[in-house]
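The listed protein sequences correspond, in order, to chains X and C.
Going by my numbering, 5 is the number at position 5 of the first sequence; the sequence numbering is gapless.
Each number in my numbering comes from the position in the second sequence (counting from 1) with 1000 added on.
Take the hints with a grain of salt, since some may be wrong.
No more than 27 Å apart at the CA atoms, straight line, and that leaves these computed lysine-lysine pairs for BS3-like [stated by the list, open to error]: (1) Lys1176/C with Lys1087/C; (2) Lys1434/C with Lys178/X; (3) Lys1019/C with Lys190/X.
Over 12 Å on every C-beta distance to chain X, these chain C residues come out as not near it, computed from the model [stated by the list, open to error]: (4) Val1006; (5) Thr1132; (6) Pro1217.
None of these hints come from the bench; they were simulated from the model.
All residues carry an ideal CB built from backbone N, CA and C; glycine is no exception.
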Amino acid sequence: MADISFWPEPEKRPAIDTRAHYLDMTRKKRMYGGILLVVFVALMASGFRLAEMRNAGDFLAGLPMVYQFPAEVLSEAWAMRGNLPGLFLEFVPSLLETINIAGVATLIGALGAAFLALLSTRGLAPWPWALPLYRRTMDAFRAVPEIVVALVLIYIFGGGPVPAVIAIALHTCGALGKLFSEVAENADLKPVEGLASVGGTWPQRMWLGIIPQVAPNWLSYALLRFEINVRASAILGFVGSGGIGYDLKIAMQWGAGKYDQVVAIFLLLFLTIVAIDQLSGHYRDRLVKGAKP
Amino acid sequence: MTMADVPLTRTVELGFRRKRLTALAVPAVILAYLTYAFFAFDIPGLAGRARLDNAAILLSDFWSHKTHVTRDNRSGGLTVAIEGEAKGTYASGTTPDWVTVAGDVTTIDLGKGHVVTYDPAGARYVVPGYGTIDIRPEGGKLKLDAPQPLPDWINQADTRISVTTDAARFAYSRSKVETFRYFPGWELFFFTLDSPFHDKSWGELAQLALVGDRIDPARSNIGYMLSEFWTNKMWRHGDVAWAIFETMLMAFLGTMSAAIIALPLGFLAASNFTPFRAVRFAFRRVFDFIRGVDGLIWTIVLSRAFGPGPMTGALAILITDTGSFGKTFSEALENIDDKQVEGVRSTGANSLQSARFGVIPQVTPVLLSQVLYFLESNTRSATVIGAIVGGGIGLLLTQAISTQKDWEEVCYYVVLIVLMVMLMDTLSGWLRRKLIKG
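So that you can see chain X by itself, here it is in the shape it has in the complex (with noise of 0.2 Å):
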């Protein structure tokens, strides 16, 4: 009420019309929102057109044949449905092969990460002045995709799983290492003082100060991470060679005859990778949200 009354009277107040001026601003927005609108579906029709030009197939013609390739390969997988289980055996070994290049990378892209993550954070790193080096570093990890790793490391070391497992480990540290950093750059530095006082060189502040604080989040991203390297080591062992991506290329390439493996092949990849999804999103929640009482 106080400020109202050092106000001129109505009739002496300045003319503001604040419902004319309120209309104004969001005609304003709206129009704005608008031209940005009919860019970004202009953006996406003539992308699409243009696409669609330089493809080989057009949208309309190929759109029945979706269901036709599933349906043929199903039915010819139904007719010869004895065979799955037996298949399915088959393959198990190069599906952990799959599963084992993942595991690997993971391990070894994540223990990197933990490094240069440590390295990399301002309060805890031991050479401040190298965090723009230990950052570039993990960008061009990241930047670099695992296929062009893995293809010219297959050139080197011959078919296999080592190619794959060094591509997604390089990968998986640029990418872990940067979310680890974030990470520890919130961790309470306390405890680290405190084992600084009493003479702790720089691993024992690391691993008794800050990674006891770090370790749900950590692991819970290395989880996250370990769910999308084995859909990767999937798609490089179809590019490249090595596990189940591999055989699904074989038999791919086979054709009519084979899809009883092809969908085998599909079945295992399917039901690992829902598998994986439930079990590190559960243990996820658990490691952020605490255990349950």
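Using the hints provided, position chain C relative to the given structure of chain X.
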């Protein structure tokens, strides 16, 4: 110490013992797993399989190129070709100045005193500090005259003799004799040999571009230069630029359409917007199914239907990401603050209006940052998807790698891909800051 403290100390001690055990057990388990993987992946056998000579070729190809000087020993014809490719062959009579042709005798000056001579009798290689290596065919075999004992950089067999020095590589077989001279840099990166701008220095080029007479009267020199560069037959800069653009297009179209499709579906799967459990459950399972049938499988199925190209890649990204977006969007929608929605509803808004004014402003930052993050990561995926469906830079990359000799092109593409990903990273970060905080 009172009686009550005894169980407490015991608990604490037990707790410590357990902690200590886990602290030892975790590294032990990791180590055991890595050991298992070490043998499962046959790392000991890897040393035998690894082709370190391939690695050396690859590394030297990354930063240098070689020019082949080849004489066909049967016809006597001489070709000088960069990387031995038809596209890089010097027209006859226009050899580079370190190769001199005088009748039947060809002299190759490799610099630092290394000289190779091809003549009708055979070929000679003068290596400073060692002597002359003389090779002539005699009775279907190759006769080698060189200071004894032979060093290990001369490799002699009945039908093939090869010499590797730091100036060049030289190989003599019955059918042909070849000298490879290495130069730093990527060959013919700007202009190919048939272009009028080849062999000109930067200064000359700048002069031609700005003030020089027109080489082709029909167009300006700078336009001519750009078109010569763009249509460079060796590096195909134009095609590469298109491929990069296609890859970015795939990522953009796929991510954005997935977001547009997933937004309404997210509402249908969120518990606070869809009261029907069955509908919610159905949509959740659809999202799980899409995410479970991995991007790899969607890509294969779609490329069967639509053929290779960027649209197939965009559709593959669209389907895969609809699943992920649907899940994260519905989770974001479930976590909104209900007060705003109630406020809008209390003014008499219907459900569509309350969604527009009560919900969307709340979730926009979360959704946008999610979409932009996916846009960046999809640029990388689009490279891989391009390799599978056959489109964009991924296709060029796999093609260049499968020839197993164009490693300088592989290096070029890798540099471009990394730049592209970094560009998208910066762009999406900038947009995120602008749209969400600004």
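Hints, one by one, checked against the model:
With a C-alpha separation of about 20 Å, the suggested pair Lys1176/C and Lys1087/C falls inside the 27 Å cut-off, and the hint holds. Proximity of Lys1434/C to Lys178/X is assessed by CA-CA distance (about 21 Å); at most 27 Å being required, the pair is judged to hold. Only pairs whose Cα atoms come within 27 Å are accepted, and Lys1019/C paired with Lys190/X is accepted, the gap being roughly 22 Å. Distance check on Val1006/C: its Cβ is at least 26 Å (rounded) from any Cβ of chain X, clearing the 12 Å threshold; non-interface status holds.
Non-interface status of Thr1132/C relative to chain X is upheld: no Cβ of that chain comes within 12 Å, the nearest being about 37 Å off. The beta carbon of Pro1217/C is kept farther than 12 Å from every beta carbon of chain X, the shortest such distance being approximately 35 Å.
In terms of the numbered hints stated before, the structure departs from none.
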